[in-house]
Amino acid sequence: MEALITHSPILAIAVPLLAAFLTPLMGRLGPRVRDTFVVLVLAVVQILVIIVAREVYANGIQVYVLGAAGPSLAIPETHMVPVRIILEVDGLGAFLGIMGATVALAGAIYSISCMKLETGQDRFYTLMLLLAASMIGIQYTGDLFNLFVFLEILSISGAALAAFRTRFVDAVEGGFKYVIVSTIAALLVLISIGMFYGQYNLLNIAAIADAMQYTAIDKIALALLVVALLTKSGAVPSHWWVPDTYTPAAGGTSPIIYAASLTCLGALFRVVFSLYGLKLSLSVVGWVVIVAGLLSMFIGVTMALRQTDVKRLMTYHAISQEGYMLLGVGVGLAVLGNPQAVAAYGREAIAGGIFHVINNAFFKGLLLLTGEALFFQLGTRDLNKMGGLGRNMKWTCAFFIIGALAISGVPPFNGFASKLMIYESSFHLNPMLTIIALVVSIMTLASFTKVFQAAFTGPEQPQFAAVSSVPLSMKVGMGILAAATVLFSLFPQFVVDTIVYPATDALLNQTGYINAVMGGA
Amino acid sequence: MMSKVVRSVARLATPAVLTFGLYVIMHGHVTSGGGFQGGAVFASAAALLLVAFGSERVKEHMKIPALTGIAVSGAVIFIGLGFAGLATTFFYNLFVGSPVFGHVPPFGPAHEDIWTAGVIPLMNIGVALNVVAGLTAIMVVMAIASENKRDGE
Amino acid sequence: MARKVAIGFTLVIVGTMLFATALMMRPFGEPPSAMDDYILENTQETTGANNAVSAVVFDWRGYDTLGEATVLFTAVTAVVMLLRRRKDEAPE
Amino acid sequence: MSTIITNAPFIAVAALACVGIYIMLSQRNLIKIVMGITIFEAAVNLFLVSLGYRNDGIAPIFTNATGIHMVLPVPQAMTLTSIVIGVATTAMMLTLIVLIYRHTGETDAKKSRRVKG
Numbered sequence: 001m002e003a004l005i006t007h008s009p010i011l012a013i014a015v016p017l018l019a020a021f022l023t024p025l026m027g028r029l030g031p032r033v034r035d036t037f038v039v040l041v042l043a044v045v046q047i048l049v050i051i052v053a054r055e056v057y058a059n060g061i062q063v064y065v066l067g068a069a070g071p072s073l074a075i076p077e078t079h080m081v082p083v084r085i086i087l088e089v090d091g092l093g094a095f096l097g098i099m100g101a102t103v104a105l106a107g108a109i110y111s112i113s114c115m116k117l118e119t120g121q122d123r124f125y126t127l128m129l130l131l132a133a134s135m136i137g138i139q140y141t142g143d144l145f146n147l148f149v150f151l152e153i154l155s156i157s158g159a160a161l162a163a164f165r166t167r168f169v170d171a172v173e174g175g176f177k178y179v180i181v182s183t184i185a186a187l188l189v190l191i192s193i194g195m196f197y198g199q200y201n202l203l204n205i206a207a208i209a210d211a212m213q214y215t216a217i218d219k220i221a222l223a224l225l226v227v228a229l230l231t232k233s234g235a236v237p238s239h240w241w242v243p244d245t246y247t248p249a250a251g252g253t254s255p256i257i258y259a260a261s262l263t264c265l266g267a268l269f270r271v272v273f274s275l276y277g278l279k280l281s282l283s284v285v286g287w288v289v290i291v292a293g294l295l296s297m298f299i300g301v302t303m304a305l306r307q308t309d310v311k312r313l314m315t316y317h318a319i320s321q322e323g324y325m326l327l328g329v330g331v332g333l334a335v336l337g338n339p340q341a342v343a344a345y346g347r348e349a350i351a352g353g354i355f356h357v358i359n360n361a362f363f364k365g366l367l368l369l370t371g372e373a374l375f376f377q378l379g380t381r382d383l384n385k386m387g388g389l390g391r392n393m394k395w396t397c398a399f400f401i402i403g404a405l406a407i408s409g410v411p412p413f414n415g416f417a418s419k420l421m422i423y424e425s426s427f428h429l430n431p432m433l434t435i436i437a438l439v440v441s442i443m444t445l446a447s448f449t450k451v452f453q454a455a456f457t458g459p460e461q462p463q464f465a466a467v468s469s470v471p472l473s474m475k476v477g478m479g480i481l482a483a484a485t486v487l488f489s490l491f492p493q494f495v496v497d498t499i500v501y502p503a504t505d506a507l508l509n510q511t512g513y514i515n516a517v518m519g520g521a
Numbered sequence: 001m002m003s004k005v006v007r008s009v010a011r012l013a014t015p016a017v018l019t020f021g022l023y024v025i026m027h028g029h030v031t032s033g034g035g036f037q038g039g040a041v042f043a044s045a046a047a048l049l050l051v052a053f054g055s056e057r058v059k060e061h062m063k064i065p066a067l068t069g070i071a072v073s074g075a076v077i078f079i080g081l082g083f084a085g086l087a088t089t090f091f092y093n094l095f096v097g098s099p100v101f102g103h104v105p106p107f108g109p110a111h112e113d114i115w116t117a118g119v120i121p122l123m124n125i126g127v128a129l130n131v132v133a134g135l136t137a138i139m140v141v142m143a144i145a146s147e148n149k150r151d152g153e
Numbered sequence: 001m002a003r004k005v006a007i008g009f010t011l012v013i014v015g016t017m018l019f020a021t022a023l024m025m026r027p028f029g030e031p032p033s034a035m036d037d038y039i040l041e042n043t044q045e046t047t048g049a050n051n052a053v054s055a056v057v058f059d060w061r062g063y064d065t066l067g068e069a070t071v072l073f074t075a076v077t078a079v080v081m082l083l084r085r086r087k088d089e090a091p092e
Numbered sequence: 001m002s003t004i005i006t007n008a009p010f011i012a013v014a015a016l017a018c019v020g021i022y023i024m025l026s027q028r029n030l031i032k033i034v035m036g037i038t039i040f041e042a043a044v045n046l047f048l049v050s051l052g053y054r055n056d057g058i059a060p061i062f063t064n065a066t067g068i069h070m071v072l073p074v075p076q077a078m079t080l081t082s083i084v085i086g087v088a089t090t091a092m093m094l095t096l097i098v099l100i101y102r103h104t105g106e107t108d109a110k111k112s113r114r115v116k117g
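Residue numbers (our numbering), protein chains in the order written: chain E, 1 to 521; chain Y, 1 to 153; chain R, 1 to 92; chain H, 1 to 117.
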């Protein structure tokens, strides 16, 4: 047991990797064996991630040194800097690890019956496991170059999953856009890694943060990293690839690809807070993030109002919700240098932003799955052709209502809880921010009311009269995310206190992050 | 399918390329080279055959399921060696000092000694299998895809 | 026209950043080397390998190489999956 | 002026990267865009490997070495990783171009990429 806890960070990454290598062989034993195998592995990963999280919340940052004579031997004797790759799991990493594992599990279960008739399923599940492993790998790593490597695994598997249904031209184009954007973003990350390496001869995040002089080159590297990771997470200046990629993504993969984008957002927070921290020119960077957030919110929701494709509409809301996360974290970032302001509202703002990340992964993922369920049953995503489906697709309808209410921030759902934290705290910085956020929230509600009316109420369409309820595994997949949403809605304060604030404090406490590797007081 | 000259040269060159690739893979831990480089050399032989004989003939000998199997086994060997070190840490080099590839040279310039470096030579083999099968599979699949297109036009 | 302006603008910004970095970077050929010196001095003792690059690839930073092999595996899986023969296409 | 001469490799990297970015942005043909990305990638690899050069250093291999003044090994390992990753992404991009071509009969970004939303 002790050994399991010690090695759990690496096992949470290595087990899905090994399973991904074995999935093609499992496929030869038949689809049932393979599906069971994949779901079992993802369940094991979920357990491992929770073990890691418990350990992190109980005993602080977990460090695991790969290949050393002991897992906690971060710096070799007679030496000053870390040499080997180090996994460093802090509150944020553990928190986003739980998010990734949960969404991956739900998506995999959902896919079992959704993908039953497709060819190439062995490789589909292989890529799904690789995507899950890379999400956890990005969150847990403490090494910049390793982050780049896992970012590439994420990009390639994500693009392949988005393009999986190659018979549709939009799927192929979505995958192509995703791989182009990801490759360029990853190369920008790699250049900035080279800049750090050239100056400090270090690759470990904590060690670079410790040695950081904040020279002009570091500022350029910061710009490149922020641009690259914002692009990967789909915030506004480079949001154009998001709808094209998520909309055609097959089966249960669209929420996983969405969670992968949120993972990149987590990597952005890691870079800004743990790598640079207080050395930043805080108000400038904070306001850049706030403005990106406001634009994402506003442009996302206005574009969503015009859509008639149900999944495409949801993806624009995904952009818009990402704006809330950036707004919350940006407000916190802008006042990071001022301890009183941080205590008064900065900490709450960041917590709101981070809480919104996990909430979104659940209810946005749920909405994307209901959109895919409609497509699965009807063969179309066009809202104008739907109607009266509430009678025949009761479960999908119920799940949609949960997701839509939560995303619009209607009390008492968890979307309201996290948005309230963002409203309250951004009000202190500038009341205008709160007003814009509120308006966007109302527009979100309006947009989802429209979808609800178009798809589930109204006269029954004759060609869809025979539509039946979705298969069991799809219900279970949606049910997992719906249950998570409801659970978070029932006990928001408990969730905030047990997992959100530890993640926030991990971001705020840069010294703690550095000392976990570098030692010292 | 290219002309007879090209095919004969390809036939002659392939064994040499394969031997050199094998050398690069097996000596990766003592001289420059390694699993990736040697694997790429090895796969270039497949590229040569594809160009010389055309995908129609080559794909009869290089089946995708077999190539996938080889790639999987290579990757599993590699990650398995990582798991093997788990008693200490993941990726711990557990064969240093053991009877298997266990010699430890003293610091400084050394003579060529194959029997060194612990798990590194084994990992080289695993990676090489992965790279050879992977690159070959990519080339064969792409060649088949482009031939189908030509037929359809 | 707008497109050309946008291209020029991006190019100027990125180009300035890159050239500025090139000029401000420490002189070529005189790198700081705390981490790499440690690796060079201890490679033979710790890993037994004479080839320091191989030792870095498979031992000191072996986990990166696992990621790298995985990237290749991912790409192979993806390419074979995407170019699969579809059901509606006639078999040969 | 002297910086330009001593740091000539880094400047070459910047120039090569600009060429790659220009091709990436200005071309309409998907294959040419991929070529631009590949050139940019080559620039990044050159940057990484040039970071590890030490004046008069030899290759970091102790077998039959002539001294122990060696160049840094880590950048070489990173470049190796980045090259392999580059191969993987290029294969992925080309595959998707093949599929786009099958659907549309075009490799031109303007004609094949439908503008929506």
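One or more hints might be untrue.
Here are the simulated SDA-like pairs of lysine to any residue, each with C-alpha atoms no more than 25 angstroms apart in a straight line [said to hold, decoys possible]: (1) H:K32 x R:M1; (2) E:K219 x H:C18; (3) E:K394 x E:T308; (4) Y:K63 x H:I11; (5) E:K219 x R:G8; (6) R:K4 x H:A15; (7) H:K32 x R:E30; (8) H:K32 x R:N42; (9) E:K219 x R:M1; (10) E:K279 x R:M24.
Since the hints were derived computationally from the structure, they do not count as laboratory data.
Results of checking the hints against the structure:
At most 25 angstroms may separate the alpha-carbon atoms for a hinted pair to count; H:K32 and R:M1 meet this at roughly 21 angstroms. With a C-alpha separation of about 20 angstroms, the suggested pairing of E:K219 with H:C18 holds against the 25 angstroms cut-off. Restraint check for E:K394 and E:T308: the C-alpha separation of about 22 angstroms stays at or below 25 angstroms, so the hint holds. Restraint check for Y:K63 and H:I11: not satisfied, since their Cα atoms lie roughly 46 angstroms apart, outside the 25 angstroms limit.
With a C-alpha separation of about 22 angstroms, the suggested pair E:K219 and R:G8 falls inside the 25 angstroms cut-off, and the hint holds. Taking the CA atoms of R:K4 and H:A15, the gap is about 20 angstroms. The hint holds against a cut of 25 angstroms. Proposed proximity of H:K32 and R:E30 is contradicted: the alpha carbons are some 37 angstroms apart, above 25 angstroms. Of the pairs offered as hints, the one joining H:K32 and R:N42 is violated, with about 45 angstroms between alpha carbons and a cut-off of 25 angstroms exceeded.
Taking the CA atoms of E:K219 and R:M1, the gap is near 32 angstroms; set against the 25 angstroms cutoff, the hint is violated. Taking the CA atoms of E:K279 and R:M24, the gap is near 20 angstroms; set against the 25 angstroms cutoff, the hint holds.
Hints 4, 7, 8 and 9 from the list above are not met by this structure, while the remaining hints are.
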